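First to last, the sequence lines map onto chains A and P.
The first sequence begins at 1 in full-length UniProt numbering and counts up one residue at a time.
The second sequence begins at 1 in full-length UniProt numbering and counts up one residue at a time.
Do not rely on the hints blindly, as some may be mistaken.
[Claimed, not checked] If we take Cβ atoms under 7 Å as the criterion, some of the chain P residues that face chain A in the derived model are: (1) Leu104; (2) Gln129; (3) Thr131; (4) Gly135; (5) Ser136; (6) Ala140; (7) Tyr148; (8) Ser152; (9) Val162; (10) Gln164; (11) Leu169; (12) Arg170; (13) Arg171.
FYI, nobody ran anything at the bench for these hints, they're computed from the structure.
What you are looking at is a predicted structure, and each value in this text was computed from that prediction instead of being measured.
All residues carry an ideal CB built from backbone N, CA and C; glycine is no exception.
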Amino acid sequence: MAVSTADHAAVADPGVALAAARARRAAGRVLVTLARSVAIFVPVFLVATFLTFALRALSGLSPASIQLGESATPDAVARIEHQWGLDRPFLAQYWSWFTDILHGQLGASWSNGTNIAELISNGLAISLSVVTLALIIGVVFGFGLGTLAAVRRTTWIDRAITGFLTVFSVMPPFVVGIVLVTVFAVGLGWLPAAGYVPASVGTWPWFTHILLPALALSLDPMADVARQLRSGLIASYQENYVTGAIVRGLSPRRIFFRHVLRNGVGPALSVLGWRFPTLIGGSVVTEWIFGLQGFGRFANDSAQAGDVPAVQGVLVVSIVLVVTFNLIVNIVLGRVTPASQRGV
Amino acid sequence: MTRTRSNATVTATVPAARPADPPAAHSPAVDVPAVDPPAVGSGDPPAAQAAVLAVRDVRIRDDVNDREIVHGVSFELRPGRAVGIVGESGSGKTLTCRAILGILPAHFAVAGGSIEIAGRDIARLTTPQWTDLRGSTISAVFQDPASYLNPSLKVGVQIAEVIQVKSGLRRRDARRRALELLTAVHLRDPELVYDQYTYELSGGMLQRVLIATAIAADPQVLIADEATTALDVTVQAEILDLLADLRERRGLALVVVSHDLAVVAQVCDEVLVMRAGEVVEHGATADVLYHPRHEYTRLLIAEHEQYGLDRYLADTDTDTGAGGGGEQRKELDGVR
Ligand SMILES: Nc1ncnc2c1ncn2[C@@H]1O[C@H](COP(=O)(O)OP(=O)(O)O)[C@@H](O)[C@H]1O
Ligand SMILES: [Mg+2]
Chain A
1 MAVSTADHAA VADPGVALAA ARARRAAGRV LVTLARSVAI FVPVFLVATF
51 LTFALRALSG LSPASIQLGE SATPDAVARI EHQWGLDRPF LAQYWSWFTD
101 ILHGQLGASW SNGTNIAELI SNGLAISLSV VTLALIIGVV FGFGLGTLAA
151 VRRTTWIDRA ITGFLTVFSV MPPFVVGIVL VTVFAVGLGW LPAAGYVPAS
201 VGTWPWFTHI LLPALALSLD PMADVARQLR SGLIASYQEN YVTGAIVRGL
251 SPRRIFFRHV LRNGVGPALS VLGWRFPTLI GGSVVTEWIF GLQGFGRFAN
301 DSAQAGDVPA VQGVLVVSIV LVVTFNLIVN IVLGRVTPAS QRGV
Chain P
1 MTRTRSNATV TATVPAARPA DPPAAHSPAV DVPAVDPPAV GSGDPPAAQA
51 AVLAVRDVRI RDDVNDREIV HGVSFELRPG RAVGIVGESG SGKTLTCRAI
101 LGILPAHFAV AGGSIEIAGR DIARLTTPQW TDLRGSTISA VFQDPASYLN
151 PSLKVGVQIA EVIQVKSGLR RRDARRRALE LLTAVHLRDP ELVYDQYTYE
201 LSGGMLQRVL IATAIAADPQ VLIADEATTA LDVTVQAEIL DLLADLRERR
251 GLALVVVSHD LAVVAQVCDE VLVMRAGEVV EHGATADVLY HPRHEYTRLL
301 IAEHEQYGLD RYLADTDTDT GAGGGGEQRK ELDGVR
């Protein structure tokens, strides 16, 4: 109703009022997307954190076995568990853990008592650097290749691109990583073979250290984006509104960017939404090859050590990352194709 | 949103207010739409008026199975005139239109004859020249108007886009022109319609919007291929009325294509009857209707008598038919 009131005001005073009404409506759309996402996010978060927390009870792991080894006396075990507050009722433990999370506190590691939030943010800085760069490379080249294949469909260019993409997507990132290290680091000596330098030290060293792992990780999302975009664009080109635009005398260029791309980009964007978390998770091997102490390595090491609070922290952070990234994708999708958002 | 939508839908079903015209007097003896006797042939406009569209013995071939689908269509269209093409489904009407617009489907080609738009042979046009010509000289509307508009863009923006690109107007001016066009196609509350998406509009409103996009760059020729086919009778009559109105006010020349003889007869001076890719009859509308020479034309007319064309005519006349038809007849009288 607020919308139509704005409209009537606009009729009375065109120009300014109308522009304001339209801006308000656009902002409203983003807010609706946000509200809907939060409505989904909150219950998911509650259930997921509860399951995550139940992990310790289910696994039967205890800090005592990490700190004292297998031969600990029951007394010593009880003492340690009391120190960690594990003898309190389950729900009380859950509640204090949950409120800590809301304050950004993920507790202390069972292995060495260090702050988990700090450990994770160190690892995440590395992983996010690599994954973000991988996504940028994947999106840029994926869009380029997908578009080229769609525009030149059924020609040899299309067939060549499609062929390359198939190779890209079946090649495991660790193989690509090893090849890249062999060629560009060991062979040509252009880039460092391993290690990480924070961006605070220098942008260029930071970039050179993450470039090779990012390249290794980028091929899969690149292939995905390109293939989704190709089929989305080809389908879009067959729609009547393209004929309509031609008949109205719009140029092929304008038809592509304003009409075809807008309607064909949806699947490629959605694929990015669920690509991101698998990239973060799947980067363990790549991090290992390139000697990076990233989020994936941390998750892996924690699980191996049976460090339950650390694993719980990893899971919580993963959930937040996945939801946030999907939210961003949804907002972008909503801006590009409003119709898709309204279930049309 | 619900309120605004229902509000707007009313526009499509209530005939636009127009100056009252005396109901057209029908010759009581015949049951076909009222168009006065021969306009073409005897009463042609002065020869100085060059044809804006000339189709000469156009043949269209399907390259895949090497079959000729359309076997020679010819007609000339002068500014402000209207030619109709009727024929059963599959007779080649749409292919003929697409050939004229240079958008034949893949593996179809013009195999013979020539097409001239505003004196230019389309066989020699380059892609940029086509882009230039379409929209500003020739344009088209089709059946299922929703599908010919981009679902992700507001309809008003799509009209303004054509104006911006073809007439070089600035954003603000283009918007104002688009609103004027929405009024010109008899849409009530253009400000509201401007900001709506295709799925928010009814079929009749969408066809008006599609017509607005088609005439946004002020073309000389508009091809309407089954533009009223999926619409119910009242809305169909309103759209035909609109086409007649545009023709009269803007001197827009029309090619009206339909499988329905009544539709074509209501708007056109001249009719081509097609069957299986062949033009079986071609002449002034009244001539073809009152003195059909070909058996197939007689069949088309007989079908109408059988399915109550009179009742349909009575309906459309009291609703809207009088407006456009009446004006048009006056104009013809003037010419003669
Ligand atoms: N895209 C197409 N692919 C294959 N055949 C087609 C296509 N369009 C039309 N045809 C064929 O061409 C003939 C004429 O079609 P069309 O011009 O659409 O007829 P109309 O518009 O009179 O109904 C039909 O027999 C149809 O089978
Ligand atoms: Mg057809």
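Hints, verified against the model:
no.: 1; hint: Leu104; verdict: violated (11 Å)
no.: 2; hint: Gln129; verdict: violated (11 Å)
no.: 3; hint: Thr131; verdict: holds (5 Å)
no.: 4; hint: Gly135; verdict: holds (3 Å)
no.: 5; hint: Ser136; verdict: holds (6 Å)
no.: 6; hint: Ala140; verdict: holds (5 Å)
no.: 7; hint: Tyr148; verdict: holds (3 Å)
no.: 8; hint: Ser152; verdict: holds (4 Å)
no.: 9; hint: Val162; verdict: holds (5 Å)
no.: 10; hint: Gln164; verdict: violated (10 Å)
no.: 11; hint: Leu169; verdict: violated (15 Å)
no.: 12; hint: Arg170; verdict: violated (14 Å)
no.: 13; hint: Arg171; verdict: violated (11 Å)
The structure does not agree with the numbered hints 1, 2, 10, 11, 12, 13 stated previously, though it agrees with the rest.
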